[in-house]
Amino acid sequence: MTADAPLTKRQQQMMAYVDDELGVAERAAFEREMEQDAGLALETVSFKNLLDASKSMALAEPTDHEMRRFWARFYNRAEWRLGWVLLLSGVVVLAVEGLYLLLTSALPLTVKGSAIAIVAGGSVLLWNTVRLTLRTSHFDRYRGVMR
Amino acid sequence: MSVAEEIRLIAGAKHGDHTSFETLVERYMGSAMSVAMGYTGNRDDALDLTQEAFYRVFKNLDRFHEGERFAPWFFRILRNACLTFLEKRRRIRKTSIHAREPGDEDYPLPDNAPGPAANAEGQEAQEELWRAFRTLGVKHREIILLRHFEELDYASIAQVLDIPIGTVMSRLFHARQKLKQALEPYMEATP
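Protein chains in written order, with the numbering used here: chain U, 10 to 156; chain A, 84 to 274.
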C-alpha cells in the first residue's frame with residue numbers, strides 16, 4: 010500500500026472541523042472561511058454527510074447463540090492450555106526415559122531399531138496432524154456449527 | 084456507560100469479579116464484533132477474534148493502569164489480534180492452491196463479505212455504504228471503523244494505531260476520499 014500524501018493546512022483544518030477537534034476560535038475562523046469559499050464549504054459538507062451516514066450504521070450485535078458460544082469457551086481457555094502443556098511435557102519426559110531404557114537394554118538391535126522407528130513415525134504423524142489442525146482451525150468454515 | 088462506571092467495572096474485574104468483567108464485555112461486544120468484521124469480513128472469525136481480544140484483556144488486566152482509557156487499550160489489542168489473523172490467513176493462501184492476488188497485502192475483503200448489520204434489518208443505504216467500505220485497503224478500513232463507528236477521538240485513534248495525530252488526519256482524509264469515490268455511483272443514482 011502506498012503512503013498517503015500529507016495534507017495541506019486547509020485540509021487538516023477541514024478534517025478537524027468535521028471531527029469536532031477544533032477549538033472554539035479555530036472553529037469560528039474556519040466557518041468564516043467557508044462562508045467566503047463555496048468550494049471549501051461544499052467539500053466540508055460532503056465529508057460531514059459521509060460521517061453522519063456511517064454513524065447510522067447498525068453495529069454487529071451478537072445473537073444469543075453467538076454469546077453462548079463466546080462464553081462457553083472463555084474461562085476454561087487457560088485450563089485448556091495448561092492441560093496441553095502438562096500432557097505434552099509428560100509425553101516428552103516419558104519418551105526420553107523410554108528411549109534411554111530401550112537403548113541400554115539387552116534387546117536385539119533390530120527390535121531396538123523397530124521400536125525407535127515406530128515411536129519416531131508416530132510422533133511425526135501426530136505433530137503433523139496437530140500442526141495442521143492448529144494452522145487451519147481458524148479457517149474451518151464449519152467450526153461455528155453446533156453439533 | 085459513564086467513565087466512572089467503566090473504571091468501577093475494570094477495578095472489579097481486576098479483583099476477580101466475573102460479573103464486572105462480563106458487564107464490560109457486554110458494553111463493548113457489538114463494537115468489537117463490528118470492528119473485527121471490518122478486518123475479516125466474516126462473522127464467525129469476528130466472534131473468535133473478539134473472544135481472543137477479551138481473553139487477552141482478562142489475562143492482562145493487571146497491566147491496565149488506573150486513569151487510562153479502556154477503549155483505546157482494548158481496540159489496540161483487538162487490532163493486533165485481527166492483523167495476526169489476517170497475516171496467518173494470507174500466509175496460508177500463499178502456500179495453498181489459491182494463487183496470491185495483487186493487493187493481498189491490503190487484506191482485501193471478499194466481495195460477498197456481509198456488513199455488520201447483516202443480521203439486522205438490511206437498509207439499502209447501509210448496504211451501499213458497506214459495499215463502498217469493502218473496496219478500501221485495511222489501513223483505510225480500520226481508521227474509518229475507529230472514527231466513524233467507534234467515534235474515537237484523534238488522540239485515541241493515534242494510540243490504537245500507534246501513529247502521530249497528523250497521520251491520523253491525513254489517513255482519515257484519504258480514506259474518506261476513497262469512500263466518497265466508491266459511493267459516487269450510488270449518490271448519483273439517488274434522487
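Check each hint, because a few of them may be wrong.
[Claimed, not checked] Result set (DSSO-like, lysine-lysine): computed pairs, CA atoms no more than 27 Å apart in a straight line:
no., chain 1, residue 1, chain 2, residue 2
1, A, Lys261, U, Lys64
2, A, Lys97, U, Lys64
3, A, Lys97, U, Lys18
4, A, Lys171, A, Lys142
5, A, Lys171, U, Lys57
6, A, Lys97, A, Lys171
7, U, Lys64, A, Lys263
8, A, Lys171, A, Lys222
9, A, Lys171, U, Lys18
10, A, Lys97, U, Lys57
11, U, Lys121, U, Lys57
12, U, Lys18, A, Lys142
13, U, Lys57, A, Lys142
14, A, Lys222, A, Lys263
15, A, Lys222, A, Lys261
Worth flagging that the hints you see were computed from the coordinates, not collected in a lab.
Bear in mind that the values here come from a model prediction, so they are computed numbers and not experimental data.
Hints versus structure:
Restraint check for lysine 261/A and lysine 64/U: the C-alpha separation of about 17 Å stays at or below 27 Å, so the hint holds. For the given pair, lysine 97/A sits about 32 Å from lysine 64/U by alpha-carbon distance, which is inconsistent with the 27 Å threshold. Under the criterion of a C-alpha separation no larger than 27 Å, the hint pairing lysine 97/A with lysine 18/U is inconsistent with the structure, at around 44 Å. Distance hint between lysine 171/A and lysine 142/A is fulfilled; the C-alpha atoms sit about 23 Å from each other, no more than 27 Å.
Annotation: proposed proximity of lysine 171/A to lysine 57/U is violated, straight-line Cα distance about 36 Å (limit 27 Å). Distance check on the hinted pair: lysine 97/A and lysine 171/A sit about 32 Å apart at the alpha-carbon level, beyond 27 Å; violated. A hinted pair counts as satisfied when its Cα atoms are at most 27 Å apart, and lysine 64/U with lysine 263/A qualifies at roughly 15 Å. Between lysine 171/A and lysine 222/A the alpha-carbon distance is near 17 Å, which keeps this suggested pair within the 27 Å criterion.
Under the criterion of a C-alpha separation no larger than 27 Å, the hint pairing lysine 171/A with lysine 18/U is inconsistent with the structure, at around 39 Å. Among the hinted pairs, lysine 97/A with lysine 57/U is inconsistent with the structure: their alpha-carbon atoms are about 40 Å apart, more than 27 Å. The suggested pairing of lysine 121/U with lysine 57/U is violated, with an alpha-carbon distance near 77 Å, which exceeds 27 Å. Restraint check for lysine 18/U and lysine 142/A: the C-alpha separation of about 43 Å exceeds 27 Å, so the hint is violated.
For the hint linking lysine 57/U to lysine 142/A, the alpha-carbon distance of about 39 Å lies beyond 27 Å, and the restraint is violated. Between the alpha carbons of lysine 222/A and lysine 263/A the distance comes to roughly 16 Å, so the proposed pair stays at or under 27 Å and holds. Taking the CA atoms of lysine 222/A and lysine 261/A, the gap is about 12 Å. The hint holds against a cut of 27 Å.
Comparing the model with each numbered hint stated earlier shows that hints 2, 3, 5, 6, 9, 10, 11, 12, 13 do not hold.
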